[in-house]
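Q: Each chain is listed here by its residues.
Protein chains: 2
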Amino acid sequence: MFDHFQPSDIKKYTRDELNVLCDHLRETIKDTVLNCGGHLASNLGVVELTVALHYCFDFPQDKIVFDVGHQCYAHKILSGRYDAFSTLRQKGGLSGFPKREESEYDCYNTGHAGTSVSAALGIAKARDLKRENYNVIALIGDGSFNNGLVYEALNSLKILKTRILIILNDNGMSISPTVGGMHAFLSDIKKQASVQDVPLFEHFGLRYVGVRDANNLDEMIDSMEQVKELLKRESVILHVVSQKGRGYRFCEEHPADTHGVPPCNFIKTGEYGQVLGTVLSDLASERENIVAVTAAMTDGLGLNGFFSQYPERAFDVGICEEHACVLCTSLAASGMKPYYVIYSTFLQRAYDEIIVDACSMDLPVVFCIDRGGISGADGETHQGVFDLSYLKPIPNLTVFVPKDQAEFVLALKKSVDFPHPLAIRYPRESKVIFNQNDFAWGSWEILEQADSDVAVLAVGERMLSLAKHIFAQLKQGGKPFTIINARFVKPLDTSMLDSIAAKTIITLEDNMLLGGFGESVAAYYCNTEKKVYPFAYQDRFIPQGSVAALMKENGVDEEEIRSLIVDCSERNE
Amino acid sequence: MFDHFQPSDIKKYTRDELNVLCDHLRETIKDTVLNCGGHLASNLGVVELTVALHYCFDFPQDKIVFDVGHQCYAHKILSGRYDAFSTLRQKGGLSGFPKREESEYDCYNTGHAGTSVSAALGIAKARDLKRENYNVIALIGDGSFNNGLVYEALNSLKILKTRILIILNDNGMSISPTVGGMHAFLSDIKKQASVQDVPLFEHFGLRYVGVRDANNLDEMIDSMEQVKELLKRESVILHVVSQKGRGYRFCEEHPADTHGVPPCNFIKTGEYGQVLGTVLSDLASERENIVAVTAAMTDGLGLNGFFSQYPERAFDVGICEEHACVLCTSLAASGMKPYYVIYSTFLQRAYDEIIVDACSMDLPVVFCIDRGGISGADGETHQGVFDLSYLKPIPNLTVFVPKDQAEFVLALKKSVDFPHPLAIRYPRESKVIFNQNDFAWGSWEILEQADSDVAVLAVGERMLSLAKHIFAQLKQGGKPFTIINARFVKPLDTSMLDSIAAKTIITLEDNMLLGGFGESVAAYYCNTEKKVYPFAYQDRFIPQGSVAALMKENGVDEEEIRSLIVDCSERNE
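In order, the protein sequences belong to chains A and B.
Just so you know, we're using my numbering here: the first sequence kicks off at 797 and counts up by one.
Just so you know, we're using my numbering here: the second sequence kicks off at 797 and counts up by one.
You may find that some hints are simply not true.
No copy labels: a pair is met if it fits in one copy or bridges any two.
[Stated by the list, open to error] Result set (DSS-like, lysine-lysine): computed pairs, CA atoms no more than 27 Å apart in a straight line:
hint : residue 1 : residue 2
1    : K1299     : K1327
2    : K1024     : K808
3    : K808      : K826
4    : K926      : K1209
Keep in mind the hints are simulated off the structure, nothing from the lab.
What you are looking at is a predicted structure, and each value in this text was computed from that prediction instead of being measured.
This is chain A alone, in the form it adopts within the complex (with noise of 0.2 Å):
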């Protein structure tokens, strides 16, 4: 059906064809999805909705916004993009999320929740402002439109004085199933009239359309037209009721384990989540003061189990980073001990929190970091590669690196006592345990001793790894050089710098190197003899692909930290 598809062809189909088109588009999806791994059941849910817009709305011409984008695939391939739709989320290929780069039907992009009404507000006002004349579209799931950013672009809707689609997808799901009081208020308008007075989003300057089974093309096509003639004169919100997972039985009964699948060769190394779930269970039920904060991502995180155990104690607020950072440093404040558990990429959003909330007041708030470093097939808005330098200027935080599960069980254990706010940073999986002692805050430790002119101080287990791969090479052939577990980001521990005899430095870290580790190390050494040579992420954004080729493409290469080494070791003999 697809094979001389094109774009427009979809205005001439019949409402049967249409279905039929609804089917393929379903079975392409699973295919490609069980294959190259990717967001499964979101974007199965709105396959009807999305037919049913490009039949409707003129795309390219008209725009449409994609909240997060984890519901664009059956909108990449109506959109020309079939036969690449195969390299999903490969090195090279097409992206898991909306890419103005790859396509003109692909007008802003994202990755993190929220942003979808404000763009489209931005691009509806510089059509207006531009003398331009065509629709803006915002498709946005219940569970981003939780986030405090949306209420922020409603909020403005009026003093903007222009006009845009919002299509709040509404599946009941965020990827925990959707919380909290705008649920409530959702599923209250959803037993009523398809049309009605809805007061808030009336203040908010935009009709109310409900369409109660969005899965039913015939009902979706309806709607759509209807509300395109709305749009004619003002903004509209149309409440769109679908199933997650939809025509996929398995996806249908598990919503949130299919959200995002890997793909059916991926396999499941050691999660540092899983740990994480285990160690803080067991931590809470010697420690009544532990609690645990998420923002919609329990599973993701291994913190199902505690949650399960604890439900007293454990908070999922919803896709609301700000609220969740606030929230914590809130009960630290009143003598709790709160872990707030989140993606790398994610804690970007609470920033300004981390700053003002948990460091200007010292609470001892701990930040478990995951998906720290490059995260791989989701691409550039999710690589967690930002958290060393961002984190590195605040006042009274410490930033633990663990150097493998081992110590990042004993870190957690630690933290219970730790008086201060912490950042633990880690990746999604481990592969090796190095050695299992006891570490106190501040320190670094020798993990090779070796009497030569290098010393490679590495963070992390992904660079200590590294370190011990070239060493196990390099030591055959006589060139062996110190290895330094750089555990602490923040501080330095700067004894064992003053002690460090080699005259050559090399640092490791998954991280951009602007502001990162080995700049630290750099300025350490500023007005010393001592040469630095930092390796870490080089300053443009990182594409998806595997974390091993990413690694060696953006800064971090194994063959030219052996060279350096080598070449070193040869220039002091």
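Given the structure of chain A, go ahead and fit chain B onto it with the hints provided.
A: Positioned in the frame of chain A, the structure of chain B alone reads:
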């Protein structure tokens, strides 16, 4: 009246005495603020409200969180800080914001908008978990109520299953008049009964009570008693309508201008914001695609003229820093040229959007960052000393710091055609003009060339003034040095770095040492013979005080820099 005043005295007062107390508070606040500077109109508006709070509740056992903190002066005076009140905002004196370190009556520090409801929730939840019993109150203005963080907190009230009192102090002003859909919604409620069903708040789990004249003490106390009863069973939102600046006619008539006032003896020098406003208006007359976006602060930023001249292209979206950023990026994605004008400290709120929206899409947004560097009397929460560090690691972003207002004007003019994201960072005031040369993007400038072994690389007007000042002193003693205007913090001017003959490099910046410009320079030279001495702020929060004193105390000390230059010059002679 306050001479032997104890916090508990208020409980024994008659209503008449309480009214006299209000008058006294108002006079004290007015006199002190006119002398010390501070937030005037906002504090005058909540005098009766604060007296009612202290009359009805039992502080410090009960807890109150002041949103932003622009309305805590009466509370400070009533809670045992009358004697110290004359030291308001002075070095070592009382803070203009709530401070835990200052009094047990302040349970949570604030300074940035929108955190109070989250914080009250955390404190209440901790109370529940510890099986304690007291009331927790968030006092928030209608301006802050637009912030997305508040919505995130409201949304989680039901999830957290706890009880708080939210007092929404509605004076119709943010700093500028409050704007947007939520304001319309509240205006509508205000017209109705004082106890009514408000479905939105009900879904959030909040009982609504209204007070139509919060400057009427009787009405305020009666409502407060009623609310206190309700609070035993459920969460309440007490919506009070007050008059900003109440009781001081000039304030009542000019609430925006008297929100924050400088001390009487304040000498206003040339402000960068005024220059920005003038230049941007000129540019906008030539370029139709220029738009300006702010988050509730047109006046302090110098944009009043632009807003009246180009109302269609000027957007004040309220205290919504994240949304303002995405609005800019989407406008830019659609061909407009947006200038996002904001204080440095508040830009922290939009960090994720700067990375993901502006920079990963490489969109030509100009961030005009006012109050960069130490900002003075507002203290820890308002210093603009993190921006160079947190902006540096973001790819595609150029970070420019003008040496004076002439260069600022040039940069603004050139920015119109600059096709990438650009940050222009400047302090509030300007005192000198060095010269008026054109520049190329990414290039630095030699301000003083000397045949010396020392080169000083200084960022921005304050640091260049300092360097010039020291230069003038040492030149007479025959120890001149090279001064370089390092106007681009990113990218570095590497050809100039390569060409510097001096063996000793000194860097000066109005920013944290960690992650800042000095570290970049240190890292650039890290495998050469050059020695680098970075001067910047040490790793601690910077309290209130004068700019000059704070610079000196926190790591940029004229004396120390001069000695170093002298030492290095002599060593190499």
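Q: Now, for every hint given, state plainly whether the structure supports it.
A: Against the structure, the hints come out as follows:
Proximity of K1299 and K1327 under a CA criterion of 27 Å is satisfied in both settings, with 6 Å inside one chain copy and 15 Å between copies. In this assembly of identical chains, the alpha carbons of K1024 and K808 lie at most 27 Å apart only when taken from the same copy (19 Å versus 65 Å across copies). In this assembly of identical chains, the alpha carbons of K808 and K826 lie at most 27 Å apart only when taken from the same copy (26 Å versus 73 Å across copies). With identical chains, the CA atoms of K926 and K1209 are at most 27 Å apart between copies only, with a shortest distance of 22 Å across copies and 59 Å within one.
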